[in-house]
Structures are given as C-alpha cells and as structure tokens.
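Those sequence lines, one after another, are chains A and B. If you number the first sequence the way numbering that gives the first Met the number 0 does, the last residue is 169 and the count never jumps. If you number the second sequence the way numbering that gives the first Met the number 0 does, the last residue is 423 and the count never jumps.
Treat the hints loosely; a few may be bogus.
[Stated by the list, open to error] The calculated label-pair distances, taken between Cβ atoms and stated as ranges, are:
#, chain 1, residue 1, chain 2, residue 2, range
1, B, 51, A, 77, 36 to 44 Å
2, A, 144, B, 102, 32 to 40 Å
3, A, 135, B, 102, 48 to 56 Å
4, A, 30, B, 241, 53 to 61 Å
[What the hints assert, rightly or not] Straight line, CA to CA, 25 Å or less: simulated SDA-like cross-link-like pairs of lysine to any residue:
#, chain 1, residue 1, chain 2, residue 2
5, A, 66, B, 6
6, A, 144, B, 390
7, A, 120, B, 197
8, A, 137, B, 14
9, A, 137, B, 45
10, A, 120, B, 9
11, B, 323, B, 406
12, A, 25, A, 102
13, A, 93, A, 59
14, A, 149, B, 6
15, A, 66, A, 100
16, A, 137, B, 40
17, A, 137, B, 38
18, A, 135, B, 44
19, B, 296, B, 251
20, A, 101, B, 6
21, A, 135, B, 240
22, B, 340, B, 330
23, B, 323, B, 400
24, A, 135, B, 389
25, A, 135, B, 71
26, B, 411, B, 400
27, A, 20, A, 31
28, A, 101, A, 65
29, A, 137, B, 37
30, A, 101, B, 18
31, A, 120, B, 251
32, B, 344, B, 376
33, A, 135, B, 57
34, A, 149, B, 323
35, A, 149, B, 38
36, B, 296, B, 176
37, A, 135, B, 7
38, A, 135, B, 100
39, A, 120, B, 44
40, B, 243, B, 354
If you are wondering where the hints come from, they were derived from the structure by calculation, not from laboratory data. Cβ coordinates follow ideal geometry from the N, Cα and C atoms, glycine included.
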Amino acid sequence: MAATTADGNKVDEAVGGEKSKMITLKSSDSEQFEMTREAAVMSQTIQHMIEDDCVDSGVPLPNVGSKILAMVIEYRNRHVDASSDSAGEKEDLKSFDESFVKVDQPTLFDIILAANYLDIKGLLDLSCQTVADMIKGKSVEEIRKTFNIKNDYTPDEEEEIPRENQWAFE
Amino acid sequence: MECDGMDALPDGVVQTILSQLSNARDVAACSGVSRCWRDCVPFLPALYFPRSAFDAAGGADDAIGRMVEAAARLEELVIYCPFSSARLPRWLAMRSASLRVLELRVDSAADKAAAAASGAGSAHLDCIGVVSTLQELRLWGLTMTRAPSWGQMQRLRVLEIVGAHLEDLAVSGAVHACPNLTDLALLGCECAGAVSFTLPLLERCRLDFVGSGSCALTLTAPQVESLEVQGFNWIVLQGGDRLKRLTIAKNTGSVYSVGIERLPVLEQLSLRGVQWSWGAVSYLLQCAAEVRHLVMKVEFCGDFDTLQPFPEVDLVEFFNTHPKLRRFEIHGAMFAALCQKNSLKNLDSRFSISSLEEVLITVRSPLNAEQKLITLESLVCCSPRLLSMVIRISQMKNCHEASDEFFEEICKFAHVNKGRVRIE
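Chain A on its own, in the form it takes in the complex (with noise of 0.2 Å):
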C-alpha cells in the first residue's frame, strides 16, 4: 500500500490503522455488532481470530445470544475508556461494574459463559465473583435451593459429609 504523507489518514491506514478500524461481531441470532478493534480486543479469543486473519466479513460468535453480546459490549466499551487513574473514574467504574451485575441469575449465567468464550478476564472474575458472593455464608441445602443444583450423592455418601464438616453445620 503506498503511503502519503499528505492525508494524514492515509498513512494510518497502510501502517494497520490499529485503533480506528471497525470490527463486526455477529451474534447467533445473527444480529450484527459494531466495535472499535481496540475495545475487540479485550477478548483474547477474537484477538487471536484477528492475528489469524479470518474477521474480513465479521466475526461469527456463535456460542452468544445478541442480548448477551450488546451487554457484553457495553462492559468492554466502558472499561476500554476508562483508561485514566484518576481516583474519581475507579469510583464511577466500580458503580458501573456492580450495577451490571445485577441481573437475573440466567443472565448472570449467560454472562459467565459469554466472558468465558470470549475469553474476557476482567469481566469472568466480576461475573464469576458475584456468584461467589451469592454462596457465601449459606448451608449446604441453601446453596443447592439458590441455584437448583441437583444433588448426586448416594445416600452413602451423603451421611458420610456432616459428619465431617459438621462444624460448619453449627
């Protein structure tokens, strides 16, 4: 590609343009996703499909529903900006990151495994920690009620457990 010097753009251009490139994510309901290559990748998994060269015509993320993927944008939008140390956006980034966790707990799921495929870190360990947060100080029958885990235990088995943690069935 050849270079001017005359249009600034046109020399970002046949360098790689890095920031302003546009970057087309479709979902599985095949909604289309526009974001800055930039905010991209903050997703390991699409960053390595870019070092691959396959994202011409977009990139499919067939593992995520478009509702998940316009929330999953909005996280990486807001945390792409948020570059600044000042003490005031920590602030301001904190209450957005617990207000977005305050979804129902399918969503909270669909989070999870959103940022788990697109391998998202920031946003796995908030999801991730939020559930964490939901187990904590409940018994063994709580945590399996909360979240309807099914119980696979013999019945052998389950007399085995209390007996020994029964200190922290007190």
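Fit chain B to the known structure of chain A by using the hints.
Frame of chain A, contents of chain B only:
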C-alpha cells in the same frame, strides 16, 4: 445460548467461581453440595479459618488437617482459630511446594503453657522454614525467646509480627533469616535491648516497640522509602538515600540520639514524643532540607531526666533552610521555640515563605502571648501561598485572666484573617 443454571456450567467455570471463596465454612459447605463441587476443592487457592470457626463444634485440628490435605494447590493459608501447634509441621509439609501466603494466630493458651514448660518458646515456628516458596508471613501473638531455625527464607518478601513478646537477639535472628524482605512490620511488640536488621531490598518498614525497657535500633536498608518507628531510644539508619517518608516517635521515655547520614529525597518527616535530645532534633531538621510536610509533636528536649523547653529557633533561618515546606504541623515545644525574643530578629520585608500552604498549630499556654501573636501574624504575612492556618487551642495550663485575654487576641487575629485562619 440458553443456560440451565449452575449445573450446565463447564467444570472450569465452576472452579473459577469456587476459587473466589476462601472462608473454610463456605468451602466445607460447597464440598457437600454435589460431587462436581467437591471435585473442585483441590483447585482452591486459599483457605481462611476465622477466629470462631470451631467455637461451637470443636475438632479444629482434624478439620484443618483434612481441608489442607484436600486443597492440593493451596497458595494461601490463614488460621485465626485456636489450633495445636504440634500439628503445624505436618500441614506445612503437605503444602510446602505451593504455599505463598501464611498467616497464623499463635497465641492459644495451651501452647503457651507447653512452651513455658519445655523452655522452647519458638520450637513450633521452626517448621515454617520448610515452606521454601513462602512470600508473605504474618504471625499474631507469639512469644519468641530464640531465633527460629528457618535456614534462609529466600523468597520471603513480607514479614509481619503483631502483638508479640520478642527477645532482641531472637527477632534479629529471625529477620536475618529473611534477607530479601521488601516489607517488614513489627507492631505492638514487647522487646527491649538492641535489635539490628540488615535488609538490602527493604522498601517499607514499620516498627512499633512497646514495653518499659530501653531499646536501640540499627537498620541497614539502602532501598528503604518509608520508615516508621516508635519506641527506640537510640536509632541508627544506614541508607537514607531513597527515604521519602520518615516518622520517629517515642510515646514514653526519651529519644537520645538519631544517626542518619543524609536524607536527600525526604518529603515527609514526623517527629513525636515526650522528650528528645535537642541534638537529635536539630540534626534531623538539618538533614531534612527538602522536606515538604513536617510534623513536630515533641513536648520537651533535654539530654537527661530534666525536661527542658526547646532552645530558640530563628524563624527566618528555619524557613530558608526548608524552602520546599508546604505543610507544617506544630504541636508542643516547637511553636514556643519560634516565638522567643530573638526568633524574629532576621525578619525583613524581603523575607518570604514561598511554598507554605497549610499550617496547623497547637497553642497550649498563654505565656509569652504577645510574641506568639507576632509570630502567627508573621507566618500569615510572609506566606503568599498560604491556604489555611488552623489554630488548635488546647487546655491552657494556667486558667486565669491571661488565658482569656490571649484567647481573645487569637480570635481577633483569626477574624482579621478570615478565609485563611480558623480556630479549632
């Protein structure tokens, strides 16, 4: 993607979620939820046993042993509940390859009695030496009568001991076994005698020694940036070249001498105590020429038992030798020293305290009232950048007319300089 709840999450994700838990109760509860959850326990990085964890049911030692054994990749272990120190060697040996952070409360009464009986006050700490990967160690409430046999804890970066009874040679020996510390804190520790620490990588250090005996400190730490010490009568610091923040305090008794070569980058200096040798005070003030924030809360000087007020300090010379001073807090004898007959003798119209922005002064006695007011006025007039001067009126020693008059004068002064001066 439709999710059927927690059960449909891949194992790796469940592990990530459960790894955020460290409270031993929560971990024990999770083990009982389902097989899949129980299988995640070996991957948990941290276990924390709170103080009251076994108060109701007992069985601490067995439960701790079981859980530490199950957590094959344990990196952090915190035990605040009472436990038998005889079990500690086995627990640490099990996790000696992965443990990075260890915090123990070692003051259980049973151990103290056993230790006193056997005469070995530190035997149970020896086993910590087997954890070669340890980076952070925090110990609460221990008694150390001899240095523990740790060999060389090369990886240890953070050492904190709180509320301990330490023999001076024992603690010097313990620190000697940790040559690569970056952070050292010995707080609320009863110790007397002479302690000596040589730490080439030390950056932050807090020492708070309580108790009635005299105490001397020799610290060789060329990289130290922040140093806070309380409780030493004699202090020698080798390596003030990087020091930015220094606090020296002595809550009871006296500071006799402070030996420091130079403090070229010192930004904050705080001197506190009942009695300091004037030689020590003036030497430190001399070294701290670049200081921006200075707190002086020393009541008296004097090299012997007699408590004496500070000698006169020349105001102009003081501020000229500390040109970067922005915040100045004066309690105790320093203000009186700046208000002596000849303190203002060099004051002229060209004099300016160009950096001073905030001043906090505690005024206690109405003695020498006129001179004090002149000094206050001079500080305000000569400081073009002054944003605030706060005058704290502490209990006046002589409660009679002179106090009231003085107080009124100060109020007038504050009123005239409203916006910059206020009284607390």
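To see whether the hints hold, each was checked on the structure:
1. B:51 with A:77: 36 to 44 Å: holds (40 Å)
2. A:144 with B:102: 32 to 40 Å: holds (34 Å)
3. A:135 with B:102: 48 to 56 Å: At 20 Å between Cβs, range violated.
4. A:30 with B:241: 53 to 61 Å: Between residue 30 (chain A) and residue 241 (chain B), where Cβ atoms are some 56 Å apart, the hint holds.
5. A:66 with B:6: holds (22 Å)
6. A:144 with B:390: Measuring from Cα to Cα gives roughly 61 Å; hence the hint is violated.
7. A:120 with B:197: Measuring from Cα to Cα gives roughly 41 Å; hence the hint is violated.
8. A:137 with B:14: holds (18 Å)
9. A:137 with B:45: Measuring from Cα to Cα gives roughly 19 Å; hence the hint holds.
10. A:120 with B:9: Given pair residue 120 (chain A), residue 9 (chain B) holds - Cα atoms ~16 Å apart, limit 25 Å.
11. B:323 with B:406: violated (31 Å)
12. A:25 with A:102: OK: residue 25 (chain A) and residue 102 (chain A) at ~23 Å, within 25 Å.
13. A:93 with A:59: violated (31 Å)
14. A:149 with B:6: Given that 25 Å is the threshold and the Cα spacing comes to 7 Å, the pair holds.
15. A:66 with A:100: holds (14 Å)
16. A:137 with B:40: holds (17 Å)
17. A:137 with B:38: Answer holds: residue 137 (chain A) to residue 38 (chain B) is near 19 Å, not above 25 Å.
18. A:135 with B:44: Given pair residue 135 (chain A), residue 44 (chain B) holds - Cα atoms ~16 Å apart, limit 25 Å.
19. B:296 with B:251: Given that 25 Å is the threshold and the Cα spacing comes to 13 Å, the pair holds.
20. A:101 with B:6: holds (21 Å)
21. A:135 with B:240: Violated: residue 135 (chain A) and residue 240 (chain B) sit about 47 Å apart, past 25 Å.
22. B:340 with B:330: The given pair, whose Cα atoms are some 19 Å apart, holds under the 25 Å limit.
23. B:323 with B:400: Since the Cα atoms of residue 323 (chain B) and residue 400 (chain B) sit roughly 39 Å apart, the hinted pair is violated (cutoff 25 Å).
24. A:135 with B:389: violated (47 Å)
25. A:135 with B:71: holds (22 Å)
26. B:411 with B:400: Holds. Residue 411 (chain B) to residue 400 (chain B) sits at ~17 Å (cutoff 25 Å).
27. A:20 with A:31: holds (16 Å)
28. A:101 with A:65: holds (19 Å)
29. A:137 with B:37: The hint holds at about 16 Å.
30. A:101 with B:18: holds (21 Å)
31. A:120 with B:251: violated (52 Å)
32. B:344 with B:376: The given pair, whose Cα atoms are some 15 Å apart, holds under the 25 Å limit.
33. A:135 with B:57: The hint holds at about 22 Å.
34. A:149 with B:323: At roughly 68 Å apart (the allowed maximum being 25 Å), residue 323 (chain B) and residue 149 (chain A) break the hint.
35. A:149 with B:38: holds (15 Å)
36. B:296 with B:176: violated (36 Å)
37. A:135 with B:7: holds (21 Å)
38. A:135 with B:100: holds (22 Å)
39. A:120 with B:44: holds (18 Å)
40. B:243 with B:354: Status holds; Cα separation ~18 Å.
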